[in-house]
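These are the residues of each chain, in order.
Number of protein chains: 2
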Amino acid sequence: MRLYSMKFCPYAQRTRLVLAAKRIRNEVVNINLVTKPDWFFYRNPLGKVPCLEFDGKVIFESLITADYLDEVYPSPYLLNSTDPFRKAQDRILIEMFNMVHSNLYKLYRAKLDVEDSWKGPIGGIQKGLTIFEEELTKREIKFFGGENPGMVDYMIWPWMERLPTLPILSHEKFKVEMENFPNLAKWISDMKEDSAVKESHISPENHARFITGFLSGNPDGLLC
Amino acid sequence: MRLYSMKFCPYAQRTRLVLAAKRIRNEVVNINLVTKPDWFFYRNPLGKVPCLEFDGKVIFESLITADYLDEVYPSPYLLNSTDPFRKAQDRILIEMFNMVHSNLYKLYRAKLDVEDSWKGPIGGIQKGLTIFEEELTKREIKFFGGENPGMVDYMIWPWMERLPTLPILSHEKFKVEMENFPNLAKWISDMKEDSAVKESHISPENHARFITGFLSGNPDGLLC
Numbered sequence: 001m002r003l004y005s006m007k008f009c010p011y012a013q014r015t016r017l018v019l020a021a022k023r024i025r026n027e028v029v030n031i032n033l034v035t036k037p038d039w040f041f042y043r044n045p046l047g048k049v050p051c052l053e054f055d056g057k058v059i060f061e062s063l064i065t066a067d068y069l070d071e072v073y074p075s076p077y078l079l080n081s082t083d084p085f086r087k088a089q090d091r092i093l094i095e096m097f098n099m100v101h102s103n104l105y106k107l108y109r110a111k112l113d114v115e116d117s118w119k120g121p122i123g124g125i126q127k128g129l130t131i132f133e134e135e136l137t138k139r140e141i142k143f144f145g146g147e148n149p150g151m152v153d154y155m156i157w158p159w160m161e162r163l164p165t166l167p168i169l170s171h172e173k174f175k176v177e178m179e180n181f182p183n184l185a186k187w188i189s190d191m192k193e194d195s196a197v198k199e200s201h202i203s204p205e206n207h208a209r210f211i212t213g214f215l216s217g218n219p220d221g222l223l224c
Numbered sequence: 001m002r003l004y005s006m007k008f009c010p011y012a013q014r015t016r017l018v019l020a021a022k023r024i025r026n027e028v029v030n031i032n033l034v035t036k037p038d039w040f041f042y043r044n045p046l047g048k049v050p051c052l053e054f055d056g057k058v059i060f061e062s063l064i065t066a067d068y069l070d071e072v073y074p075s076p077y078l079l080n081s082t083d084p085f086r087k088a089q090d091r092i093l094i095e096m097f098n099m100v101h102s103n104l105y106k107l108y109r110a111k112l113d114v115e116d117s118w119k120g121p122i123g124g125i126q127k128g129l130t131i132f133e134e135e136l137t138k139r140e141i142k143f144f145g146g147e148n149p150g151m152v153d154y155m156i157w158p159w160m161e162r163l164p165t166l167p168i169l170s171h172e173k174f175k176v177e178m179e180n181f182p183n184l185a186k187w188i189s190d191m192k193e194d195s196a197v198k199e200s201h202i203s204p205e206n207h208a209r210f211i212t213g214f215l216s217g218n219p220d221g222l223l224c
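In order, the protein sequences belong to chains A and B.
Heads up: the first sequence at position 206 corresponds to 206 in UniProt numbering, and the numbers run straight through without jumps.
Heads up: the second sequence at position 55 corresponds to 55 in UniProt numbering, and the numbers run straight through without jumps.
If you are wondering where the hints come from, they were derived from the structure by calculation, not from laboratory data.
No experiment lies behind these values; they were computed from the predicted model shown.
Don't take each hint at face value.
List of simulated lysine-lysine pairs, BS3-like, C-alpha gap at most 25 Å [stated by the list, open to error]:
1) B:LYS57 / A:LYS57
2) B:LYS57 / B:LYS7
3) B:LYS36 / A:LYS127
4) A:LYS127 / B:LYS57
5) A:LYS57 / A:LYS22
6) B:LYS142 / B:LYS198
7) A:LYS138 / B:LYS198
Sequences are here, hints too, so could you generate the full structure?
Quick look at the structure:
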């Protein structure tokens, strides 16, 4: 099992989290996404990571790789496999998280020192987080997946790990006030104790350095 | 089983195709997507169709509703359920179809009488169709799903049905030359014979009327 990845890519991190949670032996090949090697397009015509290679076969797209691994390596199951309705609900939640990460990218591209350019995306992130705060309250359990992290937990984590980059990149002008999301705040500290999460964890300072470099067109030395 | 739908919505058509293929009894409630009723947001906070309601439960997002129905009503299975790799491949194909439908929407919004504004999207559509033409050639079978239409066939069909709107909307300035895609051309005529496809079929002329109305902000009378 080989994973084509990139250290700072949140989508590739999704697959890495699933591989780690299931303790699937794998080797990681980091791809320079700025100057992609030609041979990589033979694996994935879209040239994107994550991309999984095994037995001469290739699959890509973060959610598809995660579902595949969950089906073929069911110990432990990350998506509740016995209840199709619960499975659908979890998939809907993962889709709804787009509200958080699409607005996070808008913020990265906005001028964070100009208040007008971040009001909209900030509202979107807070609206998105509210859905997850309420869902966690409703489920009355430690993780979205139950006593242990499940598919929802791992699929949203990469961007939750990146939320603390906002005060760094905006020079403390903006941060998500986690006291407004007490259950999510507790969830974040619980997730940080998970061994799969620890394996791919990168500090907010290093994420912020990468994002600054990437946006300025100069992520070299940070890519792999 | 109740489906909140809209007659001209390609995403809702995906769910309708699955319901029809599996002969699942259902009632359709068409939603006016321009002036959405308040009560609909209690079903789907995103206010989008398709949205399925059953036993006091609600699910939405076209691919999630399709997967749910496929799991709960497995006769016939639309996504190969015994081979996780084939299932992943089919899901990747469905994702890659984005290249066709995202560019179709770009064309709808472009000025179709100005050549420069359609060259890029047209190239994207042709590149996307080439992937499906080659895959069909490789699979050497009538439909992507085998002897009968499967998940890939139904999930891409709504936009394949809308491709012939292009010469109508561009006053014959542009059309996808299907002779460049002989297997797909055969597939289209086979799909048109499928009873599920027939149930939700709308003519290119009526699709074009709806799209013209929708883009001009006046789709009334065509919405439901």
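Now the hints, each set against the structure:
no., hint, result
1, B:LYS57 / A:LYS57, "38 Å, violated"
2, B:LYS57 / B:LYS7, "23 Å, holds"
3, B:LYS36 / A:LYS127, "20 Å, holds"
4, A:LYS127 / B:LYS57, "23 Å, holds"
5, A:LYS57 / A:LYS22, "20 Å, holds"
6, B:LYS142 / B:LYS198, "18 Å, holds"
7, A:LYS138 / B:LYS198, "42 Å, violated"
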